[in-house]
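Chemist: Chains as they are written, first to last, in this note's numbering: chain A, 1 to 215; chain B, 1 to 63; chain C, 1 to 190.
Just so you know, the hints here were simulated from the structure itself, not pulled from any lab data.
Given the structure is predicted, the values throughout are model-derived calculations rather than measurements.
Don't take every hint at face value.
To be verified - Covered stretches of chain A (in silico footprint by chain B; criterion: 3 or more residues with CB under 8 Å from a CB of chain B, positions within the stretch not fixed):
| # | segment |
| --- | --- |
| 1 | 13-23 |
| 2 | 105-114 |
To be verified - Here are the computed lysine-lysine pairs in the PhoX-like style, where the Cα-Cα straight-line distance is at most 25 Å:
| # | chain 1 | residue 1 | chain 2 | residue 2 |
| --- | --- | --- | --- | --- |
| 3 | C | Lys60 | B | Lys30 |
| 4 | B | Lys30 | C | Lys93 |
| 5 | A | Lys203 | C | Lys100 |
Even for Gly, the Cβ is constructed at its ideal location relative to N, Cα and C.
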Amino acid sequence: MWQNFKNGFIKENPVFGLYLGLCSSLAISTSLNNAIGMGMCVTIVLICSNILVSAIRKITPDEIRIPVYIVIIATLVSIVEMVVHAFMPELYNSLGVFLGLIVVNCIILGRAEAFASKNPIGASAIDGLGMGLGYTFALVLISVVRELIATGGISFYNPFDATQILFGFSIEALAPYTISLFSGSVGAFLTFSCFAALFAWIKQHSAKKEKEAKK
Amino acid sequence: MPSIIVAILLFVGLGAIFAIGFYLNQKTPKPEGCENLLADCEGCRLATCPHHPHHKEGEKENA
Amino acid sequence: MELLSMALAAILINNVVLTQFLGICPFLGVSKSAKSAVGMGLAVIFVIFGASLLTFALYKLVLVPFGIEYMQLISFILVIAAFVQFTEMFIKKYSASLYKSLGIYLPLITTNCVVLFVAQDNITQNYNLIETIVNSISVPAGFMLVLVLFSCLRERLDSADTTSSWKGNPVALVVAALMALAFSGLAGIV
Numbered sequence: 001m002w003q004n005f006k007n008g009f010i011k012e013n014p015v016f017g018l019y020l021g022l023c024s025s026l027a028i029s030t031s032l033n034n035a036i037g038m039g040m041c042v043t044i045v046l047i048c049s050n051i052l053v054s055a056i057r058k059i060t061p062d063e064i065r066i067p068v069y070i071v072i073i074a075t076l077v078s079i080v081e082m083v084v085h086a087f088m089p090e091l092y093n094s095l096g097v098f099l100g101l102i103v104v105n106c107i108i109l110g111r112a113e114a115f116a117s118k119n120p121i122g123a124s125a126i127d128g129l130g131m132g133l134g135y136t137f138a139l140v141l142i143s144v145v146r147e148l149i150a151t152g153g154i155s156f157y158n159p160f161d162a163t164q165i166l167f168g169f170s171i172e173a174l175a176p177y178t179i180s181l182f183s184g185s186v187g188a189f190l191t192f193s194c195f196a197a198l199f200a201w202i203k204q205h206s207a208k209k210e211k212e213a214k215k
Numbered sequence: 001m002p003s004i005i006v007a008i009l010l011f012v013g014l015g016a017i018f019a020i021g022f023y024l025n026q027k028t029p030k031p032e033g034c035e036n037l038l039a040d041c042e043g044c045r046l047a048t049c050p051h052h053p054h055h056k057e058g059e060k061e062n063a
Numbered sequence: 001m002e003l004l005s006m007a008l009a010a011i012l013i014n015n016v017v018l019t020q021f022l023g024i025c026p027f028l029g030v031s032k033s034a035k036s037a038v039g040m041g042l043a044v045i046f047v048i049f050g051a052s053l054l055t056f057a058l059y060k061l062v063l064v065p066f067g068i069e070y071m072q073l074i075s076f077i078l079v080i081a082a083f084v085q086f087t088e089m090f091i092k093k094y095s096a097s098l099y100k101s102l103g104i105y106l107p108l109i110t111t112n113c114v115v116l117f118v119a120q121d122n123i124t125q126n127y128n129l130i131e132t133i134v135n136s137i138s139v140p141a142g143f144m145l146v147l148v149l150f151s152c153l154r155e156r157l158d159s160a161d162t163t164s165s166w167k168g169n170p171v172a173l174v175v176a177a178l179m180a181l182a183f184s185g186l187a188g189i190v
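Put together the whole structure using the sequences plus the hints.
Modeler: Rendered as structure tokens:
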């Protein structure tokens with residue numbers, strides 16, 4: 001089970017390994033704050049949808065499986081969207097349309113279809129947590145690089161109260177060398193491709209090692 | 001009519017329309033000559049996705 | 001004139017793939033050949049146009065009069081999904097050639113975020129009917145333009161000698177970054 005959980009981070013990282021949910025991970029990763037907020041929302045939706053799909057897996061008619069999943073996911077995302085709107089208005093504004101677009105994030109439907117529809121509730125919940133944290137991890141990685149290069153510092157505020165900054169720093173030495181391009185789309189694509197290549201390299205490297213170990 | 005009832009009706013109605021549409025669509029046979037036609041999509045590496053080319057390779061190996 | 005500049009802005013300047021990052025999955029997935037890019041693009045234009053009109057009508061005629069705007073997200077996704085299913089069914093029944101060129105891409109469209117984005121965008125931007133029509137044709141047209149351009153690049157890219165860890169999607173995303181840079185140069189025209 002720990003292995004399952006760990007797989008979500010490196011080998012089967014939903015973003016860099018499987019290329020799922022690219023749209024939101026590129027668009028939201030402008031700041032650490034957005035990345036963590038979005039990651040948490042997706043994780044919550046993913047855990048809940050996995051639990052619900054797994055709970056009704058025996059009574060769902062096979063022919064209309066996908067419609068049932070989509071209805072469940074859409075309901076959950078609506079609830080999360082309303083909660084965020086009510087309690088974290090700052091986050092709601094900065095995530096904007098992408099909060100609603102969690103509905104069509106392939107990670108959620110993909111996990112419901114590939115894992116939760118075949119496994120018991122407990123394992124599905126853990127799988128949802130692992131995949132959700134893997135997604136958050138990927139978002140945090142991209143956003144840290146982009147925020148650092150674009151603004152020369154990192155800041156993270158309390159999502160419930162935007163005036164309260166939890167931690168933040170800026171590196172003076174970096175200030176003259178910031179590249180504002182990295183807050184835009186070019187930086188997003190470049191940062192993402194570097195990480196994707198890095199993860200592919202790690203994967204190939206560990207596969208090679210395993211082969212040698214077998215010999 | 002209170003709005004909450006309209007909301008529930010809308011939810012159930014649209015859900016039913018989608019489910020029926022999905023069911024009917026699956027029942028409708030594909031036109032002749034298109035039975036094995038699938039859009040190859042390599043956007044993600046989900047091997048379980050029916051549109052992924054890896055899926056086809058796997059089937060060939062099994063056959 | 002305003003409509004024309006709106007359409008140009010949606011196609012070139014605020015391009016849905018390169019600046020809003022929507023529809024990246026089909027952008028990477030179906031862009032292997034120019035032929036499939038055209039098929040996918042046309043299917044997306046048709047679905048977005050139809051679904052946007054349906055969701056627009058649903059919003060103005062049902063959600064607003066009854067004060068249940070909070071149902072927007074859930075009803076929109078269901079309308080889009082149902083619309084795609086019925087479209088696929090009709091194409092299957094009545095036109096084999098249309099199914100061959102466009103129909104096979106329809107199953108990939110339900111979970112395409114561009115469709116839901118355009119439907120929601122028409123509402124949040126407070127567009128009227130004509131603006132909605134223009135917007136829901138020009139946004140997917142921008143998607144198709146980039147998809148076709150990218151597929152032509154991709155055909156060359158596949159035969160290029162890239163390092164094994166960059167092969168496939170990573171190097172394709174670098175090309176996408178360069179395309180985004182090129183498109184940002186068009187920002188001044190409207």
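Chemist: None of the hints should be skipped; say for each whether it holds.
Modeler: Each hint tested on the structure:
1. 13-23: holds (count 5)
2. 105-114: Per the Cβ count (4), the hint holds.
3. C/Lys60 - B/Lys30: Violated, because 36 Å separates the two Cα atoms, which is more than 25 Å.
4. B/Lys30 - C/Lys93: holds, 8 Å
5. A/Lys203 - C/Lys100: Not satisfied, since the Cα-Cα distance of roughly 37 Å exceeds 25 Å.
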